[in-house]
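Line by line, the protein sequences are chains A and B. Each number in the numbering used here corresponds to the 1-based position in the first sequence with 1247 added. Each number in the numbering used here corresponds to the 1-based position in the second sequence with 14 added.
I should point out that these hints are in silico values taken from the structure, not numbers from a laboratory. A portion of the hints provided could be inaccurate.
With a cut-off of at most 25 Å between alpha-carbon atoms, the simulated DSS-like pairs for lysine-lysine come out as follows [to be verified]:
#1 A:1669 with B:681
#2 B:663 with B:681
#3 A:1669 with B:75
#4 A:1308 with A:1374
#5 A:1669 with B:78
#6 A:1374 with A:1443
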Amino acid sequence: MIFLTNEEMQLIIPELIMLVGLLGIILIPNFGDAKIRLPLTKIHLPILIGGKRFKPTSNPKLPNRLTLFTLVVAFFFGFADRVATGDVGNALSVDSFSRVFFLIFTAALILSTISAAHRIPARSNVKPPNESDSESLVSRKIDALIDNRRQVDFHIILLMVGLGMSLMAMANHLFMLFVCIELASLSSYILVAFHKESAAGGEAGMKYFIVGSVASAVGIYGMSLLYLWNGDLSFDGLAASWAAADGIDPLAGIGVGLMLVAFGFKVGAAPFHLAAPDAYSGASSPVAGLLATASKAMGFVAMIRILIGITLPVEGEAFWFVTIALISVITMTWGNLAALTSDNPKRILAYSSVAHAGYMLAGLAAIGSGIASIAATKLILIAIIFHLAVLVLFKFGAFLVLSLLETEGRSHRLEDLYGLGKREPLMAGSMFVFMLSLAGVPPLAGFLSKFLMINGIVNASVASGSAGSVSVIGWMGTVNPVFWLAIAIVFNSALSIFYYLRIGLVMFFEAPETDNPLKSATSLRLAITVCALLTVILGITSLGDSVLDIISNAVETFIGN
Amino acid sequence: MSETKNEYKLLLPLVPILAIIPYLAIVQGWESIDAAIFIVAAPFVAFPTILILGQVYNKNKTWKNTWKEGGILGIGALGVSLSAAIWILFDYLNGTAHFANHSVSHWLEWISFDVLQADYTMTETRILGMGVWIDSLTLMLLFVATFLCFLICWFAIGYMTTNPINEDSNHRFFAEFVLFSMGMFGMVLADNFLWLFIFWEIMGLCSYLLIGFYYWKDSAAKAAKKAFLTTRVGDVFLMVGLFILYDIYGSLEFAVVFDDPSTGVGGALVDSGQMFWALTMLFIGAIGKSAQFPLHVWLPDAMEGPTPVSALIHAATMVNAGLYLVARMMPFVDIHHHGIAGLEDFGIMVAYIGGITAFMAASIAFVQNDIKKVLAYSTMSQLAYIFTGLGSALYFLNIGNYHAGYFVLGASLFHLFNHAMAKGMLFMASGSVIHEVHHAHDHLSSSHDDGGHHDFDPQDMRNMGGLASKMPVTATAMMFGSMSIIGIPLIGGFWSKEGIIAETWAAYFHGESAMLVPAILILATAGMTGFYMSRMWFMTFAGQPKNEVVDHVHETTPWIKEPLLILTLITAIGGFVLALYGVIDFLSNESSHLAMHGDQGIVDSIITQLEHAFLPEDSQMRMVGWVTIFLALFVGPIMAARIHGGSLKDGETATPIVGWLVNLSGKFGTQDVSSLAESDLAEALQNRLYIDDLYEGIIARTVIPFADLCAWFDRNVIDGLIKQIESNSVLGSVQIRRVTTGSARDYILMATVGALSIFALLLGVSN
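Throw the hints in and build the complete structure from the sequences for me.
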């Protein structure tokens, strides 16, 4: 079916806005005074595309502004209609679950767009180089011209990522899910490699692409096994067959297992995360932030859809419980250990993002253990989604600070952060808030999400302990292993404090390499400050409750009862 | 004087800030109880603001002259607190707002979570948050704290910013000042022992910072450490007390604990022995904070801080915290309202501590020559009065004589009010004296340029004398303050001190022979107070100048006089007026509003009140009352006048009452006490009865070796363990990062290994 009914159009207004914006970015910068002569007459009809461009539409800053406008409008439409429910065609269905993720993705994209405006700046008054210019001036002018030229490319791809992500959140068919993930992924590979003139960027993009393709291939293979087993890839059909099946068919089990590889790559779970640190440090910070927040959230949507939505048994242990539990512990430990001695802030953030994926996988594992009550399941899902939402604030916030540093070409060494507290107290203070929040220090938003996660896991498992135990130690021997996932999170958090605080340490206690203030990127600074403030406010005020209400509404829609 | 006038326009930017509370009250129609958050929030916001602005704009002219290095912001924040507190007070007195059930209002509910129970189930939900608890005790302390903090901040703007030694560091002072104030406001408002403790500790921290404000001075740094560590000893006990309370009631919320103190968690009857220990532990915490024997040693040294800090700590905030805590204990012992019987020993113990401290501090004050030290010991002694009164109240309530119990409770709290007002003013007045003497000295030595005055101490009363004519406002203020502290009839403290002494004796007359000791001690102290306070005043203001500096003293510093005048008024007539309006019943929660007794006219009321004070029906009480008045009014002051009194230089005049007093003091003749001053007793008093030395000796022999042992353990065992973990983690980190080779081939290999592992794991499960 090609044409949508009115109701369906209303449901996907935010996505349609993105589509219109996308077309707008392609068209608007090309508006010009081109005319076509009607054959055999002298009448010249203006066709407006091509020719000499109009002044307002040829402004190189236009694509960025259009993208930002599109995303903000889409965000508000999505937010206003966040309880919409209904099917669109056969493969998409809108509900508050998909809307919450839509909001997460769009928020990340908005931040990405804001920082891209300063990271890949467009300058409206660049002149072409002439012969009297010195060599370095020529190369600078050429750089600026190139940056101007590729504004459109960058922002089209950015919107493409957004479109892919928000459609994948709505997918109710496995095939649709995969296509949308690939749309978003392929676009993000390009974004990683966008600065092709820098060797690191190109290499990182290539590696990310190769490893990602392998993961996708494995996933698609798993999907084909599932198709062999069921002959229908819609989520409802799969869930029904899964519930009806007696025991677990090897074909289906392996199929799901192989799909985990693809999604594991997306969320950055060990051992599929290895390309991620390279990609983060090779990509520009706006893109790295996108990978660490929106892309990760996308992976978790898929994980939740498959693991919780389809294969979670009504009672008893899910067949993937041990696998996910193992992966989660390995992932968080690996991420934290690797971050300990890293000297590149972007790699530290990349590994921290791996560790956070581990925490969230531990939550999924606790749900799959079969001992979690409905309430505990909801609690953990709320915790995961809330964590993904607030990550946009403090993980992306940290990348925003790094992109501010990148405007002077530095953010790859810990030394670049030295003395930031003296140079830019507000930025350094915000960065410190982000680090504390990532570490889960109360009363910040990161604490709340981690607390909810641990509370959920403990809540699920604590009743399994023997009430007759005399001592706590003895009791710990009797409790279900799920309880130890919470302990693993706690110990890993303790380990992670080391590298988070190290960033704070070098910012405030080391002498800066230069005293020059950073570029006065007003919108970027504003975004950083807002992120830091929200990180605090969500942690201590009732605004956090409101966000949790929206999320718990989404979770109830998803669980269905 | 023109300088003074110009400065007030600096307050103009505060008008919108101060309009917040009236705006909320009138335009928005808020309940006053909901505005309670502003009392704490305003200084809480001001603290980082002042600190950060001060760092950024340090040495900036506007910041210095217009914003007074943050003082204007501080006074604005405290003004908001004060206006909110007054609003609540008025609502409470009018009974217009919803203050039912002690008006618990939760305005901060942060997170709720499940608690692991003893049987390993998670059922109970706790909310980590804070609410407000309002009764007359809260309101009185809240008013005292907000009002005095406001005035002291006003005073400090003048005092601190004109002192060149504070150059460019005053933002630190004002920031810590408002944080300190916030600690006190929060502690008084808290509806939960835990929050009470948290704010209590914030005050402890700030007292450390403020006493050590001149941290480059060795003595100040040491005094700060001493204050912090001594109160810390009390705090540890306080914490133990809270643990016991939690054990008994399963909660630290006032609403739960005070609902029915006789039954603990699960309806079990509370054991009086356990309760005794809980209260004793809390009481030790209170002793530390309120500087009572044997944890009193920090308070005199705390005078190393700037004078406004002394006023803040000794009048408005910190020392009152301990009294507040003890006053909060009343429901535990009040057997008419579900209290626990058999705790009368606790009350007697409190009274003993009070009696001993009162006597000891007063005797040490005899020989002090530093004007602030006299006031410090006087604080200690007066607080001890209040403790004695609270002890009697605890005793009476526990034996069931609630009439006497509530009366003495109210009297004690009234004395707290009177003392806070008088002492706040005395400290500010002494600050004014010190400040002006210091200025005069600087002026003199710069014009003489001889540099021979370096050992000049502007706080030493032996350098003063005859200041009555130079500083009329200060002399008058200090006179009323001293009278209030002494308990001169009709003035301030008389109305409350009388009640405390009378009821302590009443406890003895009612058959508790153990109460004789504190009763005698505080009665004797009444006379001694008369002596040392008069001595201080005469030494400073009466007689001939003892130093040429005095001739150059003028009262010129702006911002200093207004708070003195306001407090003089309150001290002089406030006590009488409030007594007339039945404040004692109000403070003991017997009545919820202030009103004159019965339906009498004002004249009849005054007569009744005077009769009650001077001619009680009970002959024993009458005797005690008249002995007190005799000692305080005649014996002490006349002895002081004989030694230190003297008329002014010829031709110099002072304000009417001051001048009359000064000349009167000259008529008692002079007495030479140099032989007494060189006696062993005087030396022992000079050395604070060797208690500090004793502590140092004990600490050197016990605590320090133990601390060394702990330090060794910490360095070698704990740090060793942590370093081991760290080096192993780093080792692991290096190893694990080797896997990240940077080659896509290796990554795919690892992914394949992962995929195969999943494959194998799931294959196992599937079959």
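Hints and how they fare:
1. With a C-alpha separation of about 67 Å, the suggested pairing of residue 1669 of chain A with residue 681 of chain B is violated against the 25 Å cut-off.
2. Restraint check: the Cα-Cα separation between residue 663 of chain B and residue 681 of chain B comes to about 14 Å, which is no more than 25 Å; the hinted pair holds.
3. Taking the CA atoms of residue 1669 of chain A and residue 75 of chain B, the gap is about 22 Å. The hint holds against a cut of 25 Å.
4. For the proposed pair residue 1308 of chain A and residue 1374 of chain A, the alpha carbon gap of about 16 Å is at most 25 Å, so the pair holds.
5. Taken as a hint, the residue 1669 of chain A and residue 78 of chain B pair is honoured in the structure, with Cα atoms around 23 Å apart against an allowance of 25 Å.
6. For the given pair, residue 1374 of chain A sits about 23 Å from residue 1443 of chain A by alpha-carbon distance, which is consistent with the 25 Å threshold.
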